[in-house]
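Asker: If you read the protein sequences in the order shown, they are chains A and B.
Read left to right, the first sequence gives residues -12 to 302 (the working numbering).
Read left to right, the second sequence gives residues 36 to 722 (the working numbering).
Treat the hints with care, since some could be wrong.
[To be verified] Pairs of lysine-lysine residues, derived as PhoX-like cross-links and limited to a Cα-Cα distance of at most 25 Å, are as follows:
hint, chain 1, residue 1, chain 2, residue 2
1, B, K225, B, K212
2, B, K162, B, K114
3, B, K248, B, K225
4, A, K94, B, K255
5, B, K255, B, K60
6, B, K107, B, K153
7, B, K114, B, K127
8, B, K212, B, K229
9, B, K323, A, K94
10, B, K225, A, K83
11, B, K241, A, K94
12, B, K441, A, K62
13, A, K213, A, K231
14, B, K212, B, K101
15, B, K183, B, K212
16, B, K162, B, K229
17, B, K151, B, K101
18, A, K94, B, K225
[Claimed, not checked] Quick look at which bits of chain B chain A covers, simulated, 3 or more residues with Cβ under 8 Å:
hint, segment
19, 37 to 51
20, 365 to 379
[Stated by the list, open to error] One side of the interface only, derived from the structure: several residues of chain B facing chain A at Cβ under 8 Å:
hint, residue
21, K176
22, G182
23, R193
24, M342
25, N343
26, R361
27, L560
To be clear, the hints were calculated from the coordinates, so they are not data collected in a lab.
Yeah, the Cβ is synthetic: ideal placement off N, Cα and C, and Gly gets one too.
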Amino acid sequence: MALSFQDLIFRLQEFWGRQGCVIQTPYDVEVGAGTMCPETFLRVLGPQPYRVAYVQPSRRPADGRYGDNPNRLFKHWQLQVILKPSPADIQDLYLKSLRHIGIDLRKHDIKFEEDNWESPTLGAWGIGWQVMLDGLEITQFTYFQQCGGIDLDPVPAELTYGLERIAAFLQDVDSVYDIVWNPPKRGASSFSYRDVRHADELQFSVYNFERADVATLWQLFELHEKECRRLLAEYPSGQEPAEKRRFPVLAAYDQVLKCSHLFNLLDSRGAISVTERVAVIGRVRELAVGVARSWIDQNVAATFTSPSEEAVVAE
Amino acid sequence: MPSNEFFLEIGTEEIPDWMIEPALKELQNLLWGDLLLRSLVQEDGLAEVHATPRRLVLYIPAVLDKQPDIEKLVTGPPKSAPQRAAESFAQKMGVPLSQIEVVSTPKGEYWGFRQKQKGLQTKELLKTLVPDTVLRIHFPKTMYWTGKNGPRFIRPIRSLLALYGRRVVPFSIAGVKSAAYTFGHRVLGKPRIKVTSFQQYLEALKNNGVVLKAAERREKILADAARLLAAAQPEGSPRRPTLRENPTLLNTLVYLTEFPTADMGQFDPAYLELPEEVLVTVMQHHQKYLSVSDAAGKLAPRFIFVMNLDGDSTGAIRHGNERVLRARFNDARFFWETDQKTPLGDRLPMLEHVTFQSQLGSYRQKTERNVALVRRLAAFVPQAPVEHAARAAELAKCDLTTELVKEFTELQGVVGGLYARAQGEPGEVADAIYDHYKPESMEERSPRTPAGALVALADKLDTLAGCFSIGLKPSGSSDPFALRRAAQGVVKILADHNLHAPLPELIAAAQPSGEAAGQLGEFFLDRLRYYLREVRGFRYDEVNAVLAVGAQDVPDAIARCEAVRQVRPTSNFEPLSAAFKRIQNILRKAGGVGQFPGEPDAALLEGGAEAELDGQARRVFEETKESRDYEMVLRRTAELRPAVDTFFDKVLVMAEDERVRRNRLTFLAWLLRAFTRVADFSEIVVS
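Taking the hints into account, I'd like the entire structure generated from these sequences.
Answerer: This is how it looks when you write it as structure tokens:
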């Protein structure tokens, strides 16, 4: 029997856990993509090696379809993997992870097709591919080159698995809502993706497209922006490492994420004209770039919390 | 001198398909060029390049073992200098005095020394030349992967195979050492294979699931497809389904695979209710499937997909591809149905939120300008129904707000046209919307109807005038608003629809500000020149001759070029153009054509050759001056050649008598003006 949605997640976490990744939990602030979580956005900056994998529900308000469309979701789930630096056998590792979730590469067609990734809001871009499995895009594979406007050294590899797509493929269903979420065990029921998530999709589509109060959203945007700016302005650049270390750069970054999400909400509400769009994206990017700079400064000054060298080398 | 084979395989992660062929060409030119420069290969020697997505390969069957030794003459002090100077020169050369000699130079006798330079061993040279060359290959977008100070390439280099005369050429790039190993197909081959020669390398790849040569991969895809189509032929039907040709897509598939296998999938014929344009776009652009026509030429509910594998033993791959296509078609149907709920006309206000260009406003504003421009240009497209064209211009951009265009941006215009038709707009309006982005290339057709031509002209001219007015001119290879394409499109539409609209008036109608009108005039002249030469294939001197006497009316310029091309091979033409060049020279020396206005005084013309030429010229002029049959005009003009030749033989232009001389120059000036209506013959380069 094909993997259930949750077993798919377990298997991928198991695989990447064995590759020395920290298995993180989803970040608890709304994000548009797994890349935006501090575990990616901040950890890729600076020289310290890191390996991490986590599931991240990613919210894209404009993509909501009231639960009617079999393939489009307001909130979809990504499994995000960061390997920093990227190992030379990264493509092989990735293919092994597919075998680990039951995809026999002798019986399926895998192609790496050019697809470079860019996020203007984060001042980030990378080079890579979309990985196609029998004509279906299942993963975005990116070598990060820049983040928060800063050149990355070493170069991390980012793998973003589209979990609904892979599960629907494995279970051979045409609608994400028909995905089996958990396998039936000991008389307990099995739940479908519809059972678990449909109300979420419907209600948030209604909110995002119809009910969200534009004036309130703008107010919130400005409040979070202001809070972030205030913190960035107060960053103790010239001071002692100890002062820097306790400064809440991470809290400032949460404000960036709030702004980014509110921007997406305003966008889906049709409240941002294209001209304004560029300007608002610029405002969020400025915050993201500011946080990235402070983060690097903070971690040059302070001892970085990274796994020991041995932990990275051991597989 | 002995020679050896050299070959190089750069093993990489998947290179974008469209960058591979240019990279190969460059790899070959760079390395071959460097070897040739050092006389290590023959100018007409052989070299081959091959590639798959994961490897770039260069093979040169014969590279000399060693550069030839060279002898270089070093000149020292003059022979007349004191002995000391000669001694110190010999010392500097590191030889006893006896080995330097006297050489003669244009400046006198000097001491000299013939210095022998040993040619470098090829194996030594390649050690540095190969890695340098690899990193010099230009790619449109590169990355670094070993860190900021590491090399840049299109994708990470993971393996290097470099053999010269069966020995490894030792070097390393980004921590990868060259070796005598290659690798097979990811699934069908071994990851590490020992290589001893190019012949054995080819063999090894073949046995490990890699078809190295692009031509062979292309043939395999086409052969597979032909077999599948033959098998799909309905029983009793005389005709089989056919592949819809798409050479660009085919090339993409060739460079996306190391071992391509084509197979056929099907989809529910119910989707054929959607417009073919949408279905084909989904299949070709988004899924990279080749589409299929049924026996009657209509889109068949089938598609051909290409896998990077030796086959689909379980049918899972076909099943998967059919499933993805179904989802894509479902989306398209959903968009199609959703979009219908808001007619195009109701979308106009939504265009306010779609920016055309920050200084040039929204698409709503552009739409208003386009509509007004359609009305101003209407007189130039006499066959276009103005109200229909204006309506089309009003609706033309509304599809930018539809879900379908947001998803399939390449279908802008097409979708608008399809919706307009479905929503009951007149056919003329729908077709004009459908076509208004055309022609997007010189191979593509212009809009089919006069209304479509009018809307397309207005849209392009407004874009050009707007962008030039705010200083957004294309420069070098940077042309973000595709202004060259827009202007080229205007020229092609005027040509295809035979519209005698003067370019300066078209430009003025679009109301460019300040200097923009003049700049646009020059811009259009360049585009017209390009069109006549590259698209129509006229020779450069023919184009120069024609444009020198008028470059405002596109179809007229084409007709004149056509006439010059037709008449040029006739015996009188080139001599006549030589005669005109002579006339021009005479007049230039006498102060310029402008100095001699009006007509010559018949009374002052000399009998004989001069009067004869005057008589013939006037007759031809009267008979041809109104004509647009330029070929006839040129033939008749060319017939003047004997009379012109006789004139120059018998008559002295620079006569002693001031009045006669002036009258003769006026006569020549008149001839020049009268007969350069079609082309300025003096521009023709006489063979």
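Asker: Work down the list of hints and note, for each, if the structure agrees.
Answerer: To see whether the hints hold, each was checked on the structure:
| no. | hint | verdict |
| --- | --- | --- |
| 1 | B:K225 <-> B:K212 | holds (19 Å) |
| 2 | B:K162 <-> B:K114 | violated (44 Å) |
| 3 | B:K248 <-> B:K225 | holds (19 Å) |
| 4 | A:K94 <-> B:K255 | holds (20 Å) |
| 5 | B:K255 <-> B:K60 | holds (23 Å) |
| 6 | B:K107 <-> B:K153 | holds (11 Å) |
| 7 | B:K114 <-> B:K127 | holds (16 Å) |
| 8 | B:K212 <-> B:K229 | holds (15 Å) |
| 9 | B:K323 <-> A:K94 | holds (20 Å) |
| 10 | B:K225 <-> A:K83 | holds (16 Å) |
| 11 | B:K241 <-> A:K94 | holds (20 Å) |
| 12 | B:K441 <-> A:K62 | holds (20 Å) |
| 13 | A:K213 <-> A:K231 | holds (21 Å) |
| 14 | B:K212 <-> B:K101 | holds (24 Å) |
| 15 | B:K183 <-> B:K212 | holds (20 Å) |
| 16 | B:K162 <-> B:K229 | holds (20 Å) |
| 17 | B:K151 <-> B:K101 | holds (15 Å) |
| 18 | A:K94 <-> B:K225 | holds (17 Å) |
| 19 | 37 to 51 | holds (count 3) |
| 20 | 365 to 379 | holds (count 3) |
| 21 | K176 | holds (7 Å) |
| 22 | G182 | holds (5 Å) |
| 23 | R193 | holds (6 Å) |
| 24 | M342 | holds (4 Å) |
| 25 | N343 | holds (6 Å) |
| 26 | R361 | holds (7 Å) |
| 27 | L560 | violated (35 Å) |
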